[in-house]
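K.L.:
Each chain, written out:
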Amino acid sequence: MNYLAQRLLTFPLILLGVSVLVFVSIRMIPGSQITAMLGTEAGMLTAAQREALAAYFGIDQPVWTQYFRWLAGLFQGDLGVSTIYARPVLNVILERFPLTLQLALMSMTIALCIGLPLGVFAATRNERPSDLIVRILAMLGQSTPNFVIGILLIYFLSVFFGIVPAMGTFTPLTVDPLASFGQLFWPAVTLGFAFAASVTRISRSAMLDVLSDDYIRTARSKGASSMSVIWRHALPNALIPVVTLSGVEFGYLLGGAVIVEQIFALPGLGRLVLDAITQRDYALVQGTVLFIAFNFLIVNLLVDLAYAALDPRIRIGGRK
Amino acid sequence: MSRIFASFVRHPSGRIGLVIVSLYIVAAIMGTFGLTPHNPLAMVPIDRLKAPNEAYWFGTDILGRDTFSRLMVGIRQSMIIAFASVACATIAGTIIGLFSAWLGGIWDGVLMRFMDVLLAFPAILLALLIIAIVGPGTITSIAAIGIVYTPIFARVVRGPALSLKQRDFVDAARTFGSTQPYILTRHLLLNLVAPLAVQVTLALAWALLTEAGLSFLGLGTQPPTPSLGLMLAESRNLMPQAPWLMIFPALTIMLGILGFNLAGDALRDILDPRTQRREA
Amino acid sequence: MTKLLSVRDLRVGFGNDSKANEVVKGVSFDLASGETLAIVGESGSGKSVTALSINRLVDFGGGRITGGSIVLTRADGTAFDVTGSKEAALRQIRGRDVGMIFQEPMTSLNPVHTIGDQIAEAVRLNSGLRSDAARKAALDVLDRVRIPDAKSRMDYYPHQLSGGMRQRVMIAMALVASPRLLIADEPTTALDVTVQAQILALLAELRAETGMAMIFITHDIGLVAGIADRIMVMQHGVVVEQDETSNVLDNPQHEYTQHLLRAVPHFASGNAVRTDGERVPAREPVVKVDDLVVRFPVGGGWLKPKGAIHAVDGVSFDLVAGETLAIVGESGSGKSTTARAILGLVDKQRGDIAATTGRSKRPIQMVFQDPFASLNPRLDVEALMAEPAIANGQKHDKALRERMAFLLDKVGLPEDALKRYPHQFSGGQRQRLCIARALMLNPDVVVLDEAVSALDVSVQAKVLDLLIDLQHEFRLAYLFISHDMAVVERIAHRVAVMYAGQIVEIGDAKAVLASPQHSYTKRLIAAVPAIERRKQHFAVDVTQVPSLVRPAGYEPPDARWREAGSDHRVRHEDTP
Chain L
1 MNYLAQRLLT
11 FPLILLGVSV
21 LVFVSIRMIP
31 GSQITAMLGT
41 EAGMLTAAQR
51 EALAAYFGID
61 QPVWTQYFRW
71 LAGLFQGDLG
81 VSTIYARPVL
91 NVILERFPLT
101 LQLALMSMTI
111 ALCIGLPLGV
121 FAATRNERPS
131 DLIVRILAML
141 GQSTPNFVIG
151 ILLIYFLSVF
161 FGIVPAMGTF
171 TPLTVDPLAS
181 FGQLFWPAVT
191 LGFAFAASVT
201 RISRSAMLDV
211 LSDDYIRTAR
221 SKGASSMSVI
231 WRHALPNALI
241 PVVTLSGVEF
251 GYLLGGAVIV
261 EQIFALPGLG
271 RLVLDAITQR
281 DYALVQGTVL
291 FIAFNFLIVN
301 LLVDLAYAAL
311 DPRIRIGGRK
Chain H
1 MSRIFASFVR
11 HPSGRIGLVI
21 VSLYIVAAIM
31 GTFGLTPHNP
41 LAMVPIDRLK
51 APNEAYWFGT
61 DILGRDTFSR
71 LMVGIRQSMI
81 IAFASVACAT
91 IAGTIIGLFS
101 AWLGGIWDGV
111 LMRFMDVLLA
121 FPAILLALLI
131 IAIVGPGTIT
141 SIAAIGIVYT
151 PIFARVVRGP
161 ALSLKQRDFV
171 DAARTFGSTQ
181 PYILTRHLLL
191 NLVAPLAVQV
201 TLALAWALLT
211 EAGLSFLGLG
221 TQPPTPSLGL
231 MLAESRNLMP
241 QAPWLMIFPA
251 LTIMLGILGF
261 NLAGDALRDI
271 LDPRTQRREA
Chain G
1 MTKLLSVRDL
11 RVGFGNDSKA
21 NEVVKGVSFD
31 LASGETLAIV
41 GESGSGKSVT
51 ALSINRLVDF
61 GGGRITGGSI
71 VLTRADGTAF
81 DVTGSKEAAL
91 RQIRGRDVGM
101 IFQEPMTSLN
111 PVHTIGDQIA
121 EAVRLNSGLR
131 SDAARKAALD
141 VLDRVRIPDA
151 KSRMDYYPHQ
161 LSGGMRQRVM
171 IAMALVASPR
181 LLIADEPTTA
191 LDVTVQAQIL
201 ALLAELRAET
211 GMAMIFITHD
221 IGLVAGIADR
231 IMVMQHGVVV
241 EQDETSNVLD
251 NPQHEYTQHL
261 LRAVPHFASG
271 NAVRTDGERV
281 PAREPVVKVD
291 DLVVRFPVGG
301 GWLKPKGAIH
311 AVDGVSFDLV
321 AGETLAIVGE
331 SGSGKSTTAR
341 AILGLVDKQR
351 GDIAATTGRS
361 KRPIQMVFQD
371 PFASLNPRLD
381 VEALMAEPAI
391 ANGQKHDKAL
401 RERMAFLLDK
411 VGLPEDALKR
421 YPHQFSGGQR
431 QRLCIARALM
441 LNPDVVVLDE
451 AVSALDVSVQ
461 AKVLDLLIDL
471 QHEFRLAYLF
481 ISHDMAVVER
491 IAHRVAVMYA
501 GQIVEIGDAK
511 AVLASPQHSY
521 TKRLIAAVPA
531 IERRKQHFAV
541 DVTQVPSLVR
551 PAGYEPPDAR
561 WREAGSDHRV
571 RHEDTP
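Residue numbers (the UniProt record's numbering), protein chains in the order written: chain L, 1 to 320; chain H, 1 to 280; chain G, 1 to 576.
Hints listed in this document are in silico derivations from the structure and should not be mistaken for laboratory results. Keep in mind that a hint or two might mislead.
Unchecked claim - Sample of chain G residues with no beta-carbon within 10 Å of chain H, all distances over it, derived:
1. 19
2. 112
3. 140
4. 254
As the list claims (entries may be wrong) - Which bits of chain H does chain L cover? Going by a derived footprint, with three or more residues having C-beta under 8 Å, they are:
5. 125–138
6. 206–220
Stated by the list, open to error - Over the 10 Å line for every Cβ pair with chain G, so calculated as not near, a few chain H residues:
7. 10
8. 16
9. 28
10. 35
11. 53
12. 57
13. 91
14. 99
15. 114
16. 195
17. 241
18. 242
19. 269
In this text, a Cβ means the ideal position worked out from N, Cα and C, and glycines have one as well.
Kindly produce the complete structure, drawing on both the sequences and the hints.
P.N.:
Structure (structure tokens):
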């Protein structure tokens, strides 16, 4: 528990680091925010109008003043106003987040449902033909970038099956669950493919390690069946690396899948960040990046909690 | 060294990986010196959108440029960026991880928290920010991917370095009064070569993947210089008419990543102390 | 007595070509019910593989039975062919007919299940009892292996128990299905000597209670005297001798058995101590340790530490040239921490360590327990040997190479060893290398931290002889840290006994070993297994080492000492 407490204490510290980093770096992007916002019309502004706009967005102040103002706003739930959308940043983010969350959850479900059983199966068939086939598939899966899978998927679906994945506006789960799942199905498969490959590989190698541990021999000496040895004795001990990997991948997926969203034309967090950066929407970049980092850290914290649930040595600590 | 090479060739997936990586390196070198079947930049409008044939092995694009030649130059671009960025990340990450482990205490805390900050950014996002600041290009891609992988190397080095620090031979060195630079180089770094070699090979695969992703988004290598990701992105509109424009770049990207992944896996098998013990 | 197990011409191989890689090459023996057979051999003798073949667990370690037969008589009198049976049939005898306990109680229990669950599982698998009845049976068996407060311990996880307790849990788990044969594979090797005595006594009692047969595998021929009916000695995969215990021990026929019996350091209660170094108190000590205190803070974090582990608590002794002081004690006694503090490897809270700086700038050098861990695997011997000299400003020149060759010769290694890497040497050779390296700086004192504990007995004996020779030649003082009383008896001039971070008894080796005064020393010496004491019955006791964690600021009361002889001091025991 001491370890968890320490993680909780460093949590705000890392968020602060992330916010400073993003705040400073976005201001290093050449070109003015106002020019980016107004495009060609920026040329028509008078110097006075420019100054007024700069004052409105608060970017006439020194960077540190801007930062502390922003930080103060943050504590009141105010992330500023987006210049692209002319709306509060928080609203824009929360509008995009459901899609990203659902996509991440669906991808992880696909990855775990395929990867974990395959990995466990391959470990019990170590070095036999079926293990080899699983390993080759997993290796191919891990070596194929998302966008390659996405493009190939769209191509084959449309050419051979006449299916065109639904693109554009997202149908939320609350409105029409079936349509919502249907819309995100192929993107989730695209993201889940490589993810499943990694899960397969890591669960296979973790199971192989555990299966050579002494307590497995003990279980066998008691007369335990091979099913009991695998599921009751080995798997709980092999889950920690799987949880670590899934946590990290899921954390990153919550940050938006920039490329896959682009390919399937989905309005998720990834494309929001991309647009915000290319259009120099300072407040939006700051807000989204902080939101993404926050999610990532929350997922990490959940992973730590999962460790404690899985391993009594972490949960309970030393000898009584 | 020759012993490692021999077991590498004996390792089934290591052999395949080695062949792929060598092929890519040869292609990259030939691409650098213009030893391509056609000029990758030359537009031959009369031959536009030709399917693969004897003259154009992998077909041509909408401007009549030879896909095969463009892929060779694209491989060169990818390899330069992958090797350079991984080299940066390895050096920076090793130094940070090593000092973090050795100094311990507050230094360890500060350095690793800083690495945590970098890790809290999704890789593509971090690269996007850096590219937005500096503007896209080869050097930017190298820097961006290098910075993204630095914390990973720092962690890969710190873990084993911490356990090496506790080992008896380091204690023994202290009882002789060996200097810190001597202990750090001879006892720690030398024993980190094996895990680092594995990580470097696998990171090359990831760097190839990230580079292709960035250029797919148009944020990597800028046209007219060909790059694998961009070729794939440009093929999307022509998918029904000219599937070769999509298939070949896609396969080239996959195969390259596969080669480094296979080599990395083989290296891990060969250098793994557990498998070594089994042999002894 | 009825025949329980019959093994005929057993052959077991490993790897793809298991016929070519046999490690057991034709082993035959019989076991009657209720009988105890000890299989004795050094590492690589095939003793564990033989045992693992009896319930065919060897299959899971990559082994294959390539020839011979194993026939087990089941409770109903039917003969069970182990070698020819399929996995499903073998599961019927595992646990139910053949129980097994292993060497490492630390790793042999599943860390994610409570011990109650793990034992109850064995009940369910073998007796058909369900939930509550299974737990009840588990609780009963924990009582039977004398686990105090068994009811609450049921919900403990393995990591919450000490090594000795874990081995009791292992025994409980093996016994719960009342097997007629218990295979114990080095069950006490990983344990402290007093705990070892407890476990041996427990096994003997349980065997008497249940009438089960037992196969006891060990590398230590001295250990089996009190427990085995018959002894089978193995070497390189074959049985070299097999007979009644008393015949093998008193009248060994085979050369290798004789060699083993000679090599095993017999503990002779102080009658076999060295006689070559009379202590002259007037001589100036080469190292003098005064009131050494090492504490590790615990329970802290961001706040002030709540307490400290008093690892070493006020230890004082001195050491003169040419003399060996042995520090004996069990794990957690602070003996290794004392050694490390003297070398400056752990920070001391207070205390003086005064060494004469006569012949070297670094008069104290150290040899570690594990010769595999104390040599950097990536450096060749020349680089390893040169390191101490280079660290102290010497050049890597001809003189240095001559010094290395000279010392290699002294420890019995060829000069061409310089170009080789550590993995090309055996454990004993590596330890010789470590000794040679420790002598590079020409020290006055060598600290030997369990320096022979990781070696096979015959290698151990040779390294001890080497150490004694080197001591004479270079007038070295040794601080010899060990848990092994028999080894200590062979090398020590003086002995200090450590318990819970303090020295409780110190003095002339003969005096301390022959007439121990402190209650702990008595207990420690009584626990040492010895061929000469084979009829002795060990009482089951469950005394545990007290906690060393003390509240912050705690200081132990001043030690009061009693003179028990001219060079023999004993600490007064605290009255509770």
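K.L.:
Determine whether the non-interface label on residue 112 of chain G survives the test: each CB of chain H must be over 10 Å from its CB.
P.N.:
holds (22 Å)
K.L.:
So is residue 16 of chain H really clear of chain G, every C-beta pair being over 10 Å apart?
P.N.:
About 22 Å separates residue 16 of chain H from the closest Cβ of chain G, which puts it past 10 Å; holds.
K.L.:
Test coverage of the region 125–138 of chain H by chain L using CB-CB distances below 8 Å; three residues minimum.
P.N.:
With 7 residues close enough to chain L, the hint holds.
K.L.:
Would the non-interface assignment of residue 254 of chain G survive a Cβ cutoff of 10 Å against chain H?
P.N.:
Check passes; 29 Å lies beyond 10 Å.
K.L.:
For residue 114 of chain H, which was marked as not at the interface, is the minimum beta-carbon distance to chain G over 10 Å?
P.N.:
holds (20 Å)
K.L.:
Please check whether the beta-carbon of residue 10 of chain H is more than 10 Å away from every beta-carbon in chain G.
P.N.:
It holds; residue 10 of chain H is separated from chain G by about 14 Å at its closest Cβ, greater than 10 Å.
K.L.:
Confirm or reject the statement that residue 35 of chain H sits farther than 10 Å, beta carbon to beta carbon, from all of chain G.
P.N.:
holds (40 Å)
K.L.:
Does residue 195 of chain H clear chain G by more than 10 Å, comparing its Cβ with all Cβ atoms of that chain?
P.N.:
Residue 195 of chain H is indeed farther than 10 Å from all Cβ atoms of chain G, at 13 Å.
K.L.:
Taking the shortest Cβ-to-Cβ distance between residue 140 of chain G and chain H, state whether it exceeds 10 Å.
P.N.:
holds (40 Å)
K.L.:
Does residue 269 of chain H clear chain G by more than 10 Å, comparing its Cβ with all Cβ atoms of that chain?
P.N.:
Per Cβ check, residue 269 of chain H is outside 10 Å of chain G; nearest 17 Å; holds.
K.L.:
Say whether it holds or is violated: residue 53 of chain H keeps its Cβ farther than 10 Å from all Cβ of chain G.
P.N.:
holds (49 Å)
K.L.:
Please settle this one: residue 99 of chain H was flagged as non-interface, so is its CB more than 10 Å from every CB on chain G?
P.N.:
holds (20 Å)
Consistency note: the structure conflicts with none of the earlier hints.
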